[in-house]
Amino acid sequence: VVYEQEGVFIHSSCGKNDDQDSLIAGVLHVIEKENEVVVDWRPLDETLDTSNILCAGKDSSSVVEWTQTPKEKCSRGADRPSSYEAEWDMVTTVSFKKKPHSNGDATTQANRESKWSFLFSLTDLKSIKQNKEGMGWSYLVFCLKDDVKLPALHFHHGDSKPLIKCLEKHVVLNESPHDERVLLVKTQKSLSQSFENLFDEPSYGLLQKWKKDPYVVTMGKFSKVTNYIVGSLRSSDPSNQRRPPSEMADFLNDTIPGLKINQQEEPGFEVITRIDLGKQPEVSRREPVSAEEWAKNMDSEGRIVDVDYIKQLIFKGGLCHTLRKEAWKFLLGYFPWNSTKEERANLQKRKTDEYFRMKLQWKSVSEEQEKRNSRLRDYRSLIEKDVNRTDRTNKFYEGEDNPGLILLHDILMTYCMYDFDLGYVQGMSDLLSPVLYVMENEVDAFWCFVSYMDQMHQNFEEQMQGMKTQLIQLSHLLRLLDSGFCSYLESQDSGYLYFCFRWLLIRFKREFSFQDILRLWEVMWTELPCQNFHLLLCCAILESEKQQIMDKHYGFNEILKHINELSMKIDVEYILCKAEAISMQMMNCKELPQTVSEILGIENSSVTPDSDTGEDESAAELSCPTSLYQSISAPVAAANGTRDGAQQAAEMQSLTPA
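Quick note on the UniProt record's numbering: the sequence shown kicks off at 1 and runs consecutively.
None of these hints come from the bench; they were simulated from the model.
There are no misleading hints in this set.
Simulated pairs of lysine-lysine, DSSO-like, Cα-Cα distance not exceeding 30 Å:
#, residue 1, residue 2
1, K546, K590
2, K161, K126
3, K33, K468
4, K552, K578
5, K561, K126
6, K349, K311
7, K578, K546
8, K351, K385
9, K161, K33
10, K149, K129
11, K279, K578
Model the full assembly from the supplied sequences, consistent with the hints where possible.
So this is what it looks like as structure tokens:
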């Protein structure tokens with residue numbers, strides 16, 4: 001709370017005499033939250049029940065009543081745990097129902113007072129009207145961006161100047177040229193400015209917050225003000241309702257330096273060099289690898305006999321849960337594939353000693369030492385906050401004083417000692433949670449998490465190089481797969497695929513159910529059938545949603561909202577099949593652009609220019625070595641029991657990694 005003032009009244013004009021005001025005393029607060037600043041007024045005797053609070057809607061800036069139907073109360077927990085805070089979900093699950101603003105018709109004093117309560121975000125504020133000095137006690141009227149005016153607030157104790165000074169720390173206020181009583185919230189429209197000005201929160205330095213905590217800013221701030229973003233990017237002139245794609249690309253490049261996605265547009269015509277990828281093949285999946293299959297592929301010393309074969313089985317069907325505790329250690333690189341059982345036991349002993357030495361480092365830091373170590377304090381604060389809201393509906397983490405939460409906290413704190421430069425960034429708890437759930441062991445979970453973070457490290461670095469690279473690569477893949485869909489997204493200012501940020505940042509962790517994530521991750525960890533298979537998973541999801549997005553003519557807001565609402569509704573087996581089919585399409589293409597070949601790690605015998613450059617292309621033969629899978633084609637065919645050996649061998653050839 002950065003401002004608090006009692007004795008702030010609303011004159012409701014609800015007295016017995018129409019000419020007489022009914023005074024409602026209240027308290028006015030300005031509250032600085034992690035991702036926004038809100039102004040809150042409520043009557044002094046109002047309870048903490050928020051069921052009747054009026055607030056500025058996230059999507060419309062209108063004054064609405066926050067209500068929740070009984071049906072929603074029952075169904076909410078199934079898809080979205082109530083412990084998730086707002087900044088972790090791009091779109092709230094609570095429904096907002098319009099309530100017309102009224103100055104009367106109150107049946108009881110309590111209802112009348114509740115009706116006047118309101119709160120709004122400063123991002124929704126348009127102007128403030130003040131009374132002239134010397135005209136009795138001071139009052140203010142807040143006007144929101146859709147021209148909704150909130151009830152006038154009368155300052156019976158003191159004046160409104162301290163409030164104005166407080167607000168000026170967060171927004172720029174300029175006197176209106178038409179009325180000296182009106183203060184206008186300055187809105188910047190230039191595309192060359194940073195997010196800081198686009199969101200009208202100068203003191204927050206949103207671009208810096210973005211670099212420090214991309215997860216929080218992406219999941220919370222970016223989504224809460226999608227309407228405002230569009231308003232900032234688009235001119236009020238009806239003839240210029242959409243910025244040219246080139247300008248949109250410039251804006252993104254200013255915001256995220258290094259993010260270069262092709263948005264070229266020629267006047268009068270569009271030049272696209274199309275490559276025929278052929279029809280997507282039918283792909284089926286097998287049953288998860290059983291304990292018997294795993295044991296049969298291990299020699300007397302506990303060494304994996306045929307690594308490529310077992311990886312292929314895992315890719316095609318995943319693992320039964322009883323195997324995950326052992327197999328994930330191999331998939332993540334904690335255990336070498338060619339190690340014996342004895343070698344692994346010795347490795348675990350060494351790693352156990354190393355882990356507890358690092359854990360002792362932060363455990364032994366005194367309060368006095370920590371006072372002089374701001375980075376460690378910040379890491380601990382973030383970790384404690386995130387641990388308390390990570391997968392709390394999962395039995396492994398639910399309830400208070402849960403040992404799973406303690407382990408989650410201790411492993412993340414120890415990781416800060418392991419990699420103090422990176423430390424802890426919000427979102428990392430999402431990556432650790434499933435690993436700890438499977439391992440059920442602090443030390444093993446830590447070293448598996450270390451291996452996973454080796455893969456994901458660039459996603460969380462300050463410069464976000466990993467995220468930039470992946471967004472650009474995804475754009476190349478989607479353009480090859482469906483240039484028409486890419487053109488449509490660009491026409492809606494969405495060609496930079498920013499709505500995929502959360503998918504990439506934490507590898508779909510919040511898009512699938514907990515059990516589906518276990519399956520999805522173990523399949524991706526096989527590194528089959530090519531590099532960057534997770535990008536093909538993105539393509540598969542987007543291609544599945546293409547028809548609805550285009551048929552219903554979704555714009556910027558609708559696309560963002562629709563993609564977010566896919567969370568927990570995606571069929572993991574269907575998407576895995578579709579992504580595998582896309583990989584086969586691209587691997588069998590004889591004119592694959594060089595850029596795509598490099599993204600997927602495919603060796604071409606000749607180089608084909610990129611398809612999205614507009615240059616002529618020459619045919620390229622795709623060279624897929626077959627020896628890797630020839631020796632295992634028959635056993636896998638037998639395991640699948642659905643195709644003969646020759647057909648399976650042909651499919652295996654198309655799945656060959658570089």
